[in-house]
Amino acid sequence: MSTVTIDKAGPTRQVKYGSMSRDRAWALRWSYFFLTLFAIFSLVPPIYMLITSLKSSAEISAATNPWWVFHPTLENYTGLLTSNQFLRFFWNSAWVSIIVVTITMLISVPAAFALSRMKFWGSATLATGVFLTYLIPDSLLFIPLFKMFAVIGDWTGIQLVNRWYVLLFIYPTLTVPFCTWIMIGYFASIPKELDEAAIIDGASWFQTLTRIFIPVALPGLIAATIFAFTVSWAQFLYPLVFTTSTDQLVLPVGIITTLIKGDVFNWGQIMTGALLGAAPPLIIYAFLMDYYIAGLTAGATKG
Amino acid sequence: MADVAFQQGAVSGAARTAKRSSLRRALKRKSSAAFLMTLPLILLIGVLVIYPALYSLHLATLNKSMAKFVGFGNFEFLFKRETFWLVVKQSCIFAISAVIFKALIGFIVAHFVHNVPANKQRKWRGMLLVPWVIPPAMSTLAWLWLFDPSYSAFNYTLSFFGIGPIPWTGDAMWARFSVILVNVWYGAPFFMIMYLAALKSVPEQLYEAAAIDGANWWQRIWYVTLPMMRNIIAITTLFSLIVTFANFDIVRILTAGGPLDHTHIFATWAFRVGIEGSDIPLGASVSLFMVPILAVAAIFILRDVSKRGNEA
Numbered sequence: 001m002s003t004v005t006i007d008k009a010g011p012t013r014q015v016k017y018g019s020m021s022r023d024r025a026w027a028l029r030w031s032y033f034f035l036t037l038f039a040i041f042s043l044v045p046p047i048y049m050l051i052t053s054l055k056s057s058a059e060i061s062a063a064t065n066p067w068w069v070f071h072p073t074l075e076n077y078t079g080l081l082t083s084n085q086f087l088r089f090f091w092n093s094a095w096v097s098i099i100v101v102t103i104t105m106l107i108s109v110p111a112a113f114a115l116s117r118m119k120f121w122g123s124a125t126l127a128t129g130v131f132l133t134y135l136i137p138d139s140l141l142f143i144p145l146f147k148m149f150a151v152i153g154d155w156t157g158i159q160l161v162n163r164w165y166v167l168l169f170i171y172p173t174l175t176v177p178f179c180t181w182i183m184i185g186y187f188a189s190i191p192k193e194l195d196e197a198a199i200i201d202g203a204s205w206f207q208t209l210t211r212i213f214i215p216v217a218l219p220g221l222i223a224a225t226i227f228a229f230t231v232s233w234a235q236f237l238y239p240l241v242f243t244t245s246t247d248q249l250v251l252p253v254g255i256i257t258t259l260i261k262g263d264v265f266n267w268g269q270i271m272t273g274a275l276l277g278a279a280p281p282l283i284i285y286a287f288l289m290d291y292y293i294a295g296l297t298a299g300a301t302k303g
Numbered sequence: 304m305a306d307v308a309f310q311q312g313a314v315s316g317a318a319r320t321a322k323r324s325s326l327r328r329a330l331k332r333k334s335s336a337a338f339l340m341t342l343p344l345i346l347l348i349g350v351l352v353i354y355p356a357l358y359s360l361h362l363a364t365l366n367k368s369m370a371k372f373v374g375f376g377n378f379e380f381l382f383k384r385e386t387f388w389l390v391v392k393q394s395c396i397f398a399i400s401a402v403i404f405k406a407l408i409g410f411i412v413a414h415f416v417h418n419v420p421a422n423k424q425r426k427w428r429g430m431l432l433v434p435w436v437i438p439p440a441m442s443t444l445a446w447l448w449l450f451d452p453s454y455s456a457f458n459y460t461l462s463f464f465g466i467g468p469i470p471w472t473g474d475a476m477w478a479r480f481s482v483i484l485v486n487v488w489y490g491a492p493f494f495m496i497m498y499l500a501a502l503k504s505v506p507e508q509l510y511e512a513a514a515i516d517g518a519n520w521w522q523r524i525w526y527v528t529l530p531m532m533r534n535i536i537a538i539t540t541l542f543s544l545i546v547t548f549a550n551f552d553i554v555r556i557l558t559a560g561g562p563l564d565h566t567h568i569f570a571t572w573a574f575r576v577g578i579e580g581s582d583i584p585l586g587a588s589v590s591l592f593m594v595p596i597l598a599v600a601a602i603f604i605l606r607d608v609s610k611r612g613n614e615a
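Read top to bottom, the protein sequences are chains S and E. Under the working numbering, the first residue of the first sequence is numbered 1, with each subsequent residue one higher. Under the working numbering, the first residue of the second sequence is numbered 304, with each subsequent residue one higher.
Incorrect hints may have been included.
Footprint (simulated), chain S over chain E, 3 or more residues, beta carbon under 8 Å [to be verified]:
| hint | region |
| --- | --- |
| 1 | 339-347 |
| 2 | 542-550 |
DSS-like cross-link-like pairs, simulated, lysine-lysine; straight-line CA separation at most 30 Å [to be verified]:
| hint | chain 1 | residue 1 | chain 2 | residue 2 |
| --- | --- | --- | --- | --- |
| 3 | S | K192 | S | K119 |
| 4 | E | K503 | E | K426 |
| 5 | E | K383 | E | K367 |
| 6 | E | K503 | E | K423 |
| 7 | E | K333 | S | K119 |
| 8 | E | K367 | E | K392 |
| 9 | E | K371 | E | K383 |
| 10 | E | K333 | S | K192 |
| 11 | S | K192 | E | K503 |
Since the hints were derived computationally from the structure, they do not count as laboratory data. We treat Cβ as the ideally placed atom computed from N, Cα and C, and that holds for glycine.
Whenever a hint applies, use it, and build me the whole structure from the sequences.
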């Protein structure tokens with residue numbers, strides 16, 4: 001970008017032109033140099049996961065060069081992917097994330113529509129309230145929520161603690177406020193003439209939402225969906241608190257509680273599990289990077 | 304929030320009496336439809352966020368068996384414990400230094416990405432954002448393995464430079480450094496993306512004017528870039544301050560608070576005391592100490608957000 005600046009300023013300072021473009025070239029070289037350093041810093045842990053996951057436990061404990069695989073093997077992958085326990089974690093995670101994404105969208109899209117278009121008394125306060133809720137972290141709520149669900153279990157006999165589906169109630173507290181907030185931003189950017197035209201043509205509010213708003217704000221919807229999925233997939237604190245039996249665990253907690261047995265770390269399998277656990281968000285990111293980044297920046301830049 | 308909703312219902316109830324006016328009826332229909340559409344949201348926030356938040360205030364005033372009201376007893380107990388002050392200190396060190404480094408690295412890297420030709424930016428951005436995409440619990444495991452006392456890949460590499468084995472998670476100071484390092488690794492890409500978006504929105508003419516006035520690169524950053532990015536820097540930093548202060552995953556997995564409770568922060572210590580030690584009231588009291596910091600940051604964020612809302 002700035003290159004353009006200098007070139008435009010160039011003609012007024014004929015003498016310095018050459019030296020400044022040389023400065024530019026050097027600045028570019030340094031940029032690449034430092035970007036490479038930072039990229040290495042960013043990618044070392046995931047690459048190291050991959051390297052370790054291809055090693056046998058004998059090679060790991062032989063303490064050879066940790067950065068190289070001398071005898072690549074897929075035994076860690078076959079070991080995990082044939083273990084019922086690991087597949088159980090994976091399915092628990094997948095089910096929780098998919099259902100939470102659905103719940104989140106069903107709650108936040110209509111709410112965002114109402115808050116951005118049907119201005120009613122208190123709607124502005126409610127929108128601010130939604131944003132404030134997004135700022136309340138999970139580490140503040142896990143203790144009262146745990147006690148709350150334990151008390152509900154005592155009163156009604158409905159045992160929710162230590163069941164994977166308790167997470168379906170809890171995860172929306174993390175995803176709904178943010179998704180509502182960014183959807184309000186996307187809906188607010190749709191020109192008013194569009195829905196006025198729909199209303200004049202006799203569309204109901206529901207039709208305006210499904211026929212006009214959702215198709216037009218589809219990029220925002222995709223960004224919100226990705227966000228909700230990533231958050232529910234990565235959540236660690238709530239499942240750690242709420243679920244303990246091995247058949248109820250989701251992936252992150254499952255890997256940490258079952259693959260680490262006392263002081264024995266089976267690093268090959270742990271890294272394989274971690275890599276498989278990181279795979280779904282990474283794959284989504286690889287294909288939908290632009291939506292991912294749109295969702296990331298929308299939270300703070302859409303007002 | 305719930306009050307607002309109910310008063311809304313009352314308004315539509317009043318409108319029902321004047322049913323004759325079709326305008327009123329339309330208004331009523333619209334507001335009750337809007338109320339129905341926001342009802343699940345209001346219920347969710349009320350029952351699963353606001354109620355537990357208030358409930359934790361109540362819990363904090365009970366004794367361990369939750370049978371007796373002890374008032375501020377839990378807090379008095381905490382103030383007398385050395386570990387608690389260690390946790391306060393470590394939480395502040397952890398959050399403030401991690402946020403500063405994340406912001407600095409994010410700012411610098413955003414400039415480098417902004418410098419390279421536009422068609423290559425996508426590739427670099429894609430690589431640099433990877434730490435943010437991997438679930439932190441998973442990537443922290445990789446860091447734990449890189450830091451492993453006997454097979455540490457870092458120590459293996461450093462030994463070629465004659466740097467002795469470093470006790471990454473074994474020694475209090477190094478453990479503090481390690482948790483901050485992992486947090487910076489995880490959080491810096493977020494800053495990078497936000498700052499990159501902000502950099503792109505700075506009008507080119509400002510830099511042209513600065514170049515004509517003979518400003519050097521430092522003056523361009525100080526007098527053009529920083530003032531133009533002020534808002535986004537403030538919001539991003541406050542956001543990150545909240546998230547870092549409330550961090551749990553990284554510290555829990557990397558050190559679990561050790562060695563000797565030196566890396567515990569509020570969230571991990573609340574978990575240790577409240578869930579693992581099954582003293583729920585004490586755990587609730589510990590996590591309540593996050594509230595003042597969160598509230599201050601939230602007020603500033605809200606001010607900035609509403610200011611921008613007015614500008615728009």
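Quick rundown of the hints versus the structure:
Counting residues of the region 339-347 of chain E whose CB lies closer than 8 Å to any CB of chain S gives 6, which reaches the minimum of 3, so the coverage claim holds. Judged by the Cβ-Cβ criterion of 8 Å, the region 542-550 of chain E is covered by chain S as claimed, because 6 of its residues qualify and three suffice. Straight-line distance between C-alpha atoms of K192(S) and K119(S) comes to about 13 Å, which keeps the hinted pair within the 30 Å bound. Proximity of K503(E) to K426(E) is assessed by CA-CA distance (about 17 Å); at most 30 Å being required, the pair is judged to hold.
Annotation: proposed proximity of K383(E) to K367(E) holds, straight-line Cα distance about 17 Å (limit 30 Å). Taking the CA atoms of K503(E) and K423(E), the gap is near 15 Å; set against the 30 Å cutoff, the hint holds. Distance check on the hinted pair: K333(E) and K119(S) sit about 9 Å apart at the alpha-carbon level, within 30 Å; holds. Between the alpha carbons of K367(E) and K392(E) the distance comes to roughly 25 Å, so the proposed pair stays at or under 30 Å and holds.
Restraint check for K371(E) and K383(E): the C-alpha separation of about 21 Å stays at or below 30 Å, so the hint holds. Under the criterion of a C-alpha separation no larger than 30 Å, the hint pairing K333(E) with K192(S) is consistent with the structure, at around 16 Å. Under the criterion of a C-alpha separation no larger than 30 Å, the hint pairing K192(S) with K503(E) is consistent with the structure, at around 28 Å.
When held up to the earlier numbered hints, the structure conflicts with none and fits them all.
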